[in-house]
Structure formats: C-alpha cells, structure tokens
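Top to bottom, those sequences are chains A and B.
Under numbering that gives the first Met the number 0, the residue at position 6 of the first sequence is numbered 5, and the numbers go up by one with no gaps.
Under numbering that gives the first Met the number 0, the residue at position 105 of the second sequence is numbered 104, and the numbers go up by one with no gaps.
Treat the hints as calculated values from the structure; they're not laboratory data.
Mixed in with the good hints there might be a few duds.
What the hints assert, rightly or not - List of simulated lysine to any residue pairs, SDA-like, C-alpha gap at most 20 Å:
no., chain 1, residue 1, chain 2, residue 2
1, B, 106, B, 34
2, A, 119, B, 94
3, A, 119, B, 95
4, A, 119, B, 45
5, A, 7, B, 94
6, A, 96, A, 114
7, A, 119, A, 108
8, A, 119, B, 89
9, A, 96, B, 96
10, A, 96, A, 112
11, A, 119, B, 90
12, A, 7, B, 95
13, A, 119, B, 117
14, A, 119, B, 34
15, A, 119, B, 41
16, A, 7, B, 48
17, A, 119, A, 52
18, A, 119, B, 58
19, A, 12, B, 54
20, A, 119, B, 96
21, B, 106, B, 90
22, A, 119, B, 21
23, A, 12, A, 108
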Amino acid sequence: MRYLTARKRAEGKGASRTGTQHHWHMTVSAVALAFLIPVWIFVFGHALGQPLDGVRATFARPFPAILTGLVLVVGMRHFAMGAQMMIEDYARGTARKMLVIFAMSLSAVIVACGLFALVKIAL
Amino acid sequence: MAEVKRVERPLSPHLQIYRVQLTSVTSILTRITGNGLIVGTVLAVWWLMAAAISPGAFALANAVATSWFGDLVFTVSAWALWYHYLAGLRHLVFDAGRGLDIPTAEKLGWGVIFGSLGLTLLTILIV
Chain A
0 MRYLTARKRA EGKGASRTGT QHHWHMTVSA VALAFLIPVW IFVFGHALGQ
50 PLDGVRATFA RPFPAILTGL VLVVGMRHFA MGAQMMIEDY ARGTARKMLV
100 IFAMSLSAVI VACGLFALVK IAL
Chain B
0 MAEVKRVERP LSPHLQIYRV QLTSVTSILT RITGNGLIVG TVLAVWWLMA
50 AAISPGAFAL ANAVATSWFG DLVFTVSAWA LWYHYLAGLR HLVFDAGRGL
100 DIPTAEKLGW GVIFGSLGLT LLTILIV
C-alpha cells in the first residue's frame with residue numbers, strides 16, 4: 000500500500016505537467032474572491048457616480064483601498080489563468096503563445112494601473 | 000516499414016450534433032462571463048486611475064462610466080460577475096464530487112441562472 004494522496008498521484012501528469020497546480024491555484028483564488036467580491040461590489044457601486052471628491056475620499060480610506068487592491072491582484076491572477084485555459088482550448092501554435100502572453104500582460108498592466116491609482120489616492 | 004497512408008478516422012460527434020443541454024450551456028456561460036468581465040474591469044480601472052490623476056481625466060472617464068454605455072457595461076458586468084460567482088461555487092461543489100447526477104446538476108444550473116438574475120436585480124436596487 001502506498002500512502003499517497005489523490006493530489007500527489009495527479010501531480011506532474013499531462014502534457015504540461017502543471018495542470019494540477021493550475022487547477023489548485025484557480026480553486027484557491029476562487030475561494031478568496033468568493034469572500035472579497037460581494038463586499039467589493041457594494042464599495043465600488045457606492046463610489047461610482049459620485050463626484051471626484053467623494054471618489055477620492057472613498058478610496059483614501061483603508062478598507063475600500065485594501066479590498067480593491069486584493070480584488071485586483073487576486074482577480075487578475077484568476078483572470079489570467081482562466082484566460083490561458085480558454086486560449087489553450089481553442090488556439091494552436093504561435094497564435095496560442097501570443098494570446099497567452101497578451102492575456103498575462105493585460106492582467107499585469109491592469110494590476111499595475113489599479114495599484115498606482117490606489118497609492119496615489121492614498122498619499 | 001510503417002504504412003504512410005492516412006487512415007480516414009471517424010470524427011467524434013461535435014457541437015452541432017449534440018442537443019443543447021442546460022448543463023453544457025451553463026458551463027459555456029461560465030467561461031464567457033469570466034473572460035468577458037475584462038471589459039468592465041478595464042473601464043473600472045480606467046475610471047479609478049483617472050480619479051487619481053487629475054480632475055480633467057476624471058471628467059472624461061466619469062462621463063463615459065456614467066453614460067448609457069457605462070451603465071450597460073456595468074449592468075451586464077454585474078450579472079456576469081454574479082453568474083460567474085454562483086457557477087464558481089457550483090464548480091467547487093462538483094470538484095468535491097457532489098451534485099454530479101443529472102437531476103441535481105440541472106437543479107444547480109437553474110439555481111445559477113435565476114440566482115444570478117436575482118442578485119443582479121438586488122445589486123441594482125441597493126447600489
């Protein structure tokens with residue numbers, strides 16, 4: 000009898016050998032977002048439509064700022080990996096590589112822009 | 000030597016052949032909503048960045064974000080977010096090996112559809 004968990008038996012299988020980790024990362028970020036999103040949607044919805052002073056005042060407060068930062072970092076990681084999964088299902092060869100690089104870059108740019116905005120508003 | 004002649008292999012039944020099923024549609028919608036959310040995200044981050052930069056930049060971004068176009072994007076995004084949220088929770092249930100029999104899976108599918116519509120309505124009413 001071998002004392003292996005189900006996950007250990009699945010690791011390193013498949014063409015890329017990273018599918019198990021990919022799936023686990025998606026699960027972890029999904030659970031994190033399940034807690035973050037319902038609160039964030041009301042913070043954002045409350046700020047949207049306010050004049051500039053109101054928007055700046057909202058995101059200058061610690062809770063909305065930290066929450067938005069977490070949603071951006073975790074959410075864009077979740078998006079990048081999910082988009083990669085979709086691209087790998089439908090595209091082949093060079094097109095696949097370019098699309099995956101684009102999706103990863105777009106998520107990185109969005110996170111950087113969002114965090115810059117939060118820091119600038121906070122300072 | 001190995002035979003180089005190409006064998007005519009049978010193709011597996013494809014999308015056009017299968018009857019549309021609730022379980023497949025709810026699964027495909029999960030992918031569409033998840034990836035489509037990037038549109039609302041770009042608009043939201045542009046709006047936030049404009050608020051950080053200058054009143055002029057904010058005036059433009061806020062005009063777009065609160066126009067009919069912005070309302071459309073954010074309303075559809077709210078539904079997409081709630082749909083993807085509930086479908087994601089369903090995915091966690093499936094991953095745990097539960098609810099995989101067809102009657103339960105279909106019940107969960109309807110739950111995701113009506114739940115997302117209800118939560119979107121609630122979001123519009125509260126926000």
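Here's how the hints hold up against the structure:
no., hint, verdict
1, B:106 <-> B:34, "violated (25 Å)"
2, A:119 <-> B:94, "violated (41 Å)"
3, A:119 <-> B:95, "violated (42 Å)"
4, A:119 <-> B:45, "holds (14 Å)"
5, A:7 <-> B:94, "holds (16 Å)"
6, A:96 <-> A:114, "violated (27 Å)"
7, A:119 <-> A:108, "holds (16 Å)"
8, A:119 <-> B:89, "violated (38 Å)"
9, A:96 <-> B:96, "violated (33 Å)"
10, A:96 <-> A:112, "violated (24 Å)"
11, A:119 <-> B:90, "violated (38 Å)"
12, A:7 <-> B:95, "holds (16 Å)"
13, A:119 <-> B:117, "violated (36 Å)"
14, A:119 <-> B:34, "violated (29 Å)"
15, A:119 <-> B:41, "holds (18 Å)"
16, A:7 <-> B:48, "violated (43 Å)"
17, A:119 <-> A:52, "holds (14 Å)"
18, A:119 <-> B:58, "holds (18 Å)"
19, A:12 <-> B:54, "violated (53 Å)"
20, A:119 <-> B:96, "violated (46 Å)"
21, B:106 <-> B:90, "holds (14 Å)"
22, A:119 <-> B:21, "violated (46 Å)"
23, A:12 <-> A:108, "violated (32 Å)"
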